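Participant: One letter stands for each residue in the lines below.
Number of protein chains: 2
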Amino acid sequence: MRVMFPKVVIIGTGLIGGSLGLALKRSRLATEIVGVARRPQTLKLARRRGCITSGETDWRRAVSGAQLVILACPVHAILEQLRDIGSCLAAGCIVMDVGSTKQAIVNAAQLHLPPTVYFVGAHPLAGSEKTGPGQARSDLFRNCVCVVTPTRRTHAPSLKKMKHVWRQLGASVAIMPPQTHDRIVAYTSHMPHLLAAALMLSVPPRMFPYTAGGFRDMTRIAAGDEEMWRDIFCTNRAALQSVLTVFGRALTRLEQSFAKGRPEIGKRLLGKARRARQSFPGDAP
Amino acid sequence: MRVMFPKVVIIGTGLIGGSLGLALKRSRLATEIVGVARRPQTLKLARRRGCITSGETDWRRAVSGAQLVILACPVHAILEQLRDIGSCLAAGCIVMDVGSTKQAIVNAAQLHLPPTVYFVGAHPLAGSEKTGPGQARSDLFRNCVCVVTPTRRTHAPSLKKMKHVWRQLGASVAIMPPQTHDRIVAYTSHMPHLLAAALMLSVPPRMFPYTAGGFRDMTRIAAGDEEMWRDIFCTNRAALQSVLTVFGRALTRLEQSFAKGRPEIGKRLLGKARRARQSFPGDAP
Numbered sequence: 001m002r003v004m005f006p007k008v009v010i011i012g013t014g015l016i017g018g019s020l021g022l023a024l025k026r027s028r029l030a031t032e033i034v035g036v037a038r039r040p041q042t043l044k045l046a047r048r049r050g051c052i053t054s055g056e057t058d059w060r061r062a063v064s065g066a067q068l069v070i071l072a073c074p075v076h077a078i079l080e081q082l083r084d085i086g087s088c089l090a091a092g093c094i095v096m097d098v099g100s101t102k103q104a105i106v107n108a109a110q111l112h113l114p115p116t117v118y119f120v121g122a123h124p125l126a127g128s129e130k131t132g133p134g135q136a137r138s139d140l141f142r143n144c145v146c147v148v149t150p151t152r153r154t155h156a157p158s159l160k161k162m163k164h165v166w167r168q169l170g171a172s173v174a175i176m177p178p179q180t181h182d183r184i185v186a187y188t189s190h191m192p193h194l195l196a197a198a199l200m201l202s203v204p205p206r207m208f209p210y211t212a213g214g215f216r217d218m219t220r221i222a223a224g225d226e227e228m229w230r231d232i233f234c235t236n237r238a239a240l241q242s243v244l245t246v247f248g249r250a251l252t253r254l255e256q257s258f259a260k261g262r263p264e265i266g267k268r269l270l271g272k273a274r275r276a277r278q279s280f281p282g283d284a285p
Numbered sequence: 001m002r003v004m005f006p007k008v009v010i011i012g013t014g015l016i017g018g019s020l021g022l023a024l025k026r027s028r029l030a031t032e033i034v035g036v037a038r039r040p041q042t043l044k045l046a047r048r049r050g051c052i053t054s055g056e057t058d059w060r061r062a063v064s065g066a067q068l069v070i071l072a073c074p075v076h077a078i079l080e081q082l083r084d085i086g087s088c089l090a091a092g093c094i095v096m097d098v099g100s101t102k103q104a105i106v107n108a109a110q111l112h113l114p115p116t117v118y119f120v121g122a123h124p125l126a127g128s129e130k131t132g133p134g135q136a137r138s139d140l141f142r143n144c145v146c147v148v149t150p151t152r153r154t155h156a157p158s159l160k161k162m163k164h165v166w167r168q169l170g171a172s173v174a175i176m177p178p179q180t181h182d183r184i185v186a187y188t189s190h191m192p193h194l195l196a197a198a199l200m201l202s203v204p205p206r207m208f209p210y211t212a213g214g215f216r217d218m219t220r221i222a223a224g225d226e227e228m229w230r231d232i233f234c235t236n237r238a239a240l241q242s243v244l245t246v247f248g249r250a251l252t253r254l255e256q257s258f259a260k261g262r263p264e265i266g267k268r269l270l271g272k273a274r275r276a277r278q279s280f281p282g283d284a285p
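In order, the protein sequence lines correspond to chains A and B. Under our numbering, the very last position in the first sequence is 285; numbers go up by exactly one each time. Under our numbering, the very last position in the second sequence is 285; numbers go up by exactly one each time.
Incorrect hints may appear among the rest.
Put simply, identical chains are the same to the list, so a pair is met inside one copy or across any two.
Stated by the list, open to error - List time: in silico SDA-like cross-link candidates among lysine to any residue, alpha-carbon distance up to 25 angstroms:
id, residue 1, residue 2
1, 161, 135
2, 260, 80
3, 267, 217
4, 267, 135
5, 130, 208
6, 260, 179
Read the hints as simulated data drawn from the structure, not as lab findings. It should be emphasised that the depicted structure is a prediction, and the values quoted were computed from it without experimental measurement.
Chain A with its partners taken away, still in its complex shape (with noise of 0.2 angstroms):
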């Protein structure tokens, strides 16, 4: 059988990006895999790790000859590369992204990618506070939702193509504008972080001690990258701010229903909040 892509180079090798290494070679979909990284240290533990077969740090050199190119920074290095890579790559390549918004990305790749190269927008639903090489996993995309944004400029067989891979490592796929994935996860995901980060910056740290399980499950995110969400929320700030509003209505009403007097309307709201979180597939208590 013929391997789908002989070469793909993988641009930013940490949790997703190394990920995405191990689980293509795992389900023989690529054959060498470029990964780049700025620090020859990521790139040697990501070597080490499986991730990759070779490293580079100048991913100008490394893309050249590629059949897939995976773009896996931040959003805003994500979107620099966008702006000079056209010139680098062979006729036909295919360009997939898979950073966290995805307007400002499809924008850019739509106005700065040439006709002979097909891009495809992604985002798995798979990422964690953790980071780096070390943390990558080839089952990390099982059972996720990868989330593909095409526009009608989207060249189809790439399209079909990149659904193949994503189902291939696990994931299920939902096809959806760019603009309605970013307002999907201003409220799945954006939204929860700002709040877990903000919680982490009001707390007196003299306080921690007293914290139990649920204040620790609560801010386990605010560990994460600040570089990777300076950029998701500079990204995606208009559907941010909407959403703020939508839950600081729900917040103020359901404080309020604490009030003297009318305490059964917040236990009614506290119900639905638990039978909604109950609700979820894998984990009810």
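Got chain A sorted already, so can you dock chain B onto it with the hints?
Facilitator: Here is chain B on its own, set in the frame of chain A:
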């Protein structure tokens, strides 16, 4: 060796009460452990799991002749029990509550209990979104902090006994005034719970399939029992409101730092939040 408490009564055999029964028995601090619950099925389960040696649905009958009575119901039920329980107790009996807020309970104990019985307020920081005796564990209090909230009127030998009990169960004891406890848990427990519940109420259910581990971690506590949490919010509302004001300021500052031209302030704040979270002992990434 003489057993410290020949007869202990635990009113409320849920996660905390049931675990206390298991732990008291295992550490040989009690012989007879009578559990009190409204529903016979709860008592049956608690007995089958070894949390109690016998069960009783009427607490007035259960407490007669006990050396230690533990109040382990939601806060409002504890407040009601404190109004009536004094006349049912033998002289010299220790009454300890494990309620989640302390000021209201300590006040009620001082108001209603006769001087012949000794009250000690306590709160082991060891809850979970899980409920009922089916979830009880004899090691639930190991390595947890138990806050004990004496006042000038607390009987010193009884306080000493209760500190000994918690240490025997593996907890470290923190002594502080009730209002200090309530202010701390408003930060470390009540505000996080309110945020998790408001998050569940503001994210549209159609977006639930697009949540990943971070959202699940963050909202796990929202699956907690709404009666218990209603009582907490009602009896600690003033502290919670002032804590929400602090939180709102931190959130606004963080969100606004991602406005055009200031992302480095936001990155710095996120870095501060990350370092604070990583400073927690035992679960740094």
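Participant: Does each hint fit the structure? Answer for all of them.
Facilitator: Quick rundown of the hints versus the structure:
no.	hint	in the structure
1	161 <-> 135	neither (27 angstroms within a copy, 47 angstroms between copies)
2	260 <-> 80	between (55 angstroms within a copy, 18 angstroms between copies)
3	267 <-> 217	both (23 angstroms within a copy, 22 angstroms between copies)
4	267 <-> 135	between (41 angstroms within a copy, 23 angstroms between copies)
5	130 <-> 208	both (21 angstroms within a copy, 23 angstroms between copies)
6	260 <-> 179	between (42 angstroms within a copy, 20 angstroms between copies)
Going through the hint list in order, the structure does not satisfy hint 1, though it satisfies all others.
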